[in-house]
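Visitor: Input sequences plus hints: build the corresponding full structure.
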Amino acid sequence: DGEWLYVENGYDVESEIYRVNVATGEAERLTDNGVPDIFQQLSPDGQLMIVTSGQAAGTGELKVVDVETGQSTMLAEFPHWVEMGGFSPDGEWFYFTMPDEDLSLQLHRAKLDGTSLEQLTDSEGDKTFLTWSQTVDEP
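Numbering (my numbering), first residue to last: 1 to 139.
FYI, nobody ran anything at the bench for these hints, they're computed from the structure.
Backbone N, C-alpha and C fix where the C-beta goes; we use that ideal spot for every residue, glycine too.
Worth double-checking, as some hints may not be accurate.
Here are the computed distance ranges between Cβ atoms for each label pair [to be verified]:
1. Pro79 / Asp137: 39 to 45 Å
2. Gly10 / Asp122: 33 to 39 Å
3. Asp122 / Gly2: 37 to 43 Å
4. Leu117 / Asp1: 28 to 34 Å
Guide: Put into C-alpha cells, the structure is as follows:
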C-alpha cells in the first residue's frame with residue numbers, strides 16, 4: 001500500500017529494524033533484542049517480514065516477524081549464513097538457501113508458523129538467486 005518504508009538502523013551488532021510512515025516521517029522500532037537484526041523481505045500482504053538475527057556473530061536465526069505486534073517465530077537456526085529466497089505463491093512457506101556441512105548452499109523451506117523445516121536439495125554447488133515462475137495469461 002506504500003504507507004510504510006522498512007529500514008535497518010545501525011551497523012553490525014547494533015542493527016535493528018524500523019518502519020517509517022512515509023506520510024508523517026514517524027519511525028517505529030520493530031526489533032530490539034540485543035543482537036543484530038537484518039531485514040530481508042516483506043510478505044506480499046505486508047503483514048510479515050523475514051529477518052536474520054545474530055548473523056554477524058557467525059551463527060543466527062531466520063525469523064518471521066509480525067510487523068504490527070513485533071512477535072517473532074523462528075523458522076531456522078543456521079551455523080554460517082543464509083541466502084534469501086521468497087514466499088511461496090500460497091503464502092504458507094518461505095524458501096531460502098543455507099549451507100550444509102560442506103558449506104554448499106542447499107535449498108530449504110519452512111512453514112511461516114515455524115514448523116516443517118525441510119532441506120529440499122542435497123547436491124554439490126551453491127543454489128542461489130531463487131525466484132518463482134510466473135503465470136502468463138494468454139489472450
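Visitor: So, for every hint listed, does it hold in this structure?
Guide: Cross-check of the supplied hints:
no. : hint                       : result
1   : Pro79 / Asp137: 39 to 45 Å : 43 Å, holds
2   : Gly10 / Asp122: 33 to 39 Å : 37 Å, holds
3   : Asp122 / Gly2: 37 to 43 Å  : 41 Å, holds
4   : Leu117 / Asp1: 28 to 34 Å  : 31 Å, holds
Violated hints: none; the structure is consistent with every hint.
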